[in-house]
Amino acid sequence: MKTFGTILRELRKEKKITQKELALTLKLSESTIGMYERNERQPDYDTLNNIANYFEVTTDFLLGRKINYEERAEEIIFEDSDLNIWFKDIKDASPEKREELKRFWTFIMQNEKHNKN
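full-length UniProt numbering puts the last residue of the sequence shown at 117; the count rises by one with no breaks.
Just so you know, these hints were derived from the structure itself, not from any lab. Since the model is a prediction, treat every value here as computed from it, not as a measurement. Glycine included, C-beta positions come from ideal geometry on N, C-alpha and C. Do not rely on the hints blindly, as some may be mistaken.
Straight-line distance between alpha carbons at most 30 Å, and here's what the computed DSS-like set of lysine-lysine pairs gives [claimed, not checked]:
(1) K16 x K91
(2) K27 x K16
(3) K66 x K97
Restraint-style ranges between C-beta atoms, simulated for each label pair [stated by the list, open to error]:
(4) R41 x R103: 41 to 47 Å
(5) K13 x I85: 47 to 53 Å
(6) W105 x D60: 25 to 31 Å
(7) T106 x E10: 35 to 41 Å
(8) E14 x N84: 15 to 21 Å
(9) W105 x M35: 37 to 43 Å
(10) R103 x L63: 37 to 43 Å
(11) I108 x K66: 29 to 35 Å
(12) T59 x M35: 35 to 41 Å
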């Protein structure tokens, strides 16, 4: 697993900015950025959020965590017995029926958006 410092350095270099430029943007000292990149110091929560926002990544990404969204989706589905039944039915349906279901679902979601406005 990559360290926060390694990830920060990679993001900074991808953006082609210096430690000094990043420090000015985040209102930190250049030495603080250097210590982060060398893993000599860790940011507090607010600073971590600011860094994530600046680079448009999640704090989990900055901390080297990887979320397996497929596994998480399966966990949610298995917790809901109705969804389990529906997904089995969809899986067993013909391609034509699946396409019909997609069109119907799109219609429902568009109506929901329209009703909210």
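> Can the suggested window of 47 to 53 Å be confirmed for the beta-carbon pair K13 and I85?
Replying inline: For I85 against K13, whose Cβ atoms are near 50 Å apart, the range 47 to 53 Å holds.
> Within 35 to 41 Å or not, the Cβ separation of T59 and M35?
Replying inline: With a Cβ separation near 19 Å, T59 and M35 fall outside 35 to 41 Å, so the hint is violated.
> Honestly, do T106 and E10 meet the 35 to 41 Å range at C-beta?
Replying inline: 39 Å, holds
>> Within 15 to 21 Å: is that where the Cβ-Cβ distance between E14 and N84 falls?
In response: Hint violated: Cβ distance 42 Å, outside 15 to 21 Å.
> Is the gap between the beta carbons of I108 and K66 within 29 to 35 Å?
Replying inline: 33 Å, holds
>> Between the alpha carbons of K66 and K97, is the straight-line distance 30 Å or under?
In response: 35 Å, violated
> Are the Cα positions of K27 and K16 separated by 30 Å at most?
Replying inline: 18 Å, holds
> Is the straight-line distance between the alpha-carbon of K16 and that of K91 30 Å or less?
Replying inline: 47 Å, violated
> Regarding W105 and M35, is the given constraint of 37 to 43 Å on their beta-carbon distance met?
Replying inline: The hinted range 37 to 43 Å is violated for W105 and M35, with Cβ atoms some 51 Å apart.
> Lying within 25 to 31 Å: is that true of the beta-carbon distance W105 to D60?
Replying inline: Given about 30 Å between the Cβ atoms, the range holds.
> Between R103 and L63, is the Cβ distance one that fits in 37 to 43 Å?
Replying inline: Given range 37 to 43 Å: holds, Cβ gap about 41 Å.
>> Quick check on a hinted range of 41 to 47 Å for R41 and R103, using CB atoms only.
In response: 54 Å, violated
Hint violations for this structure: numbers 1, 3, 4, 8, 9 and 12, all remaining hints satisfied.
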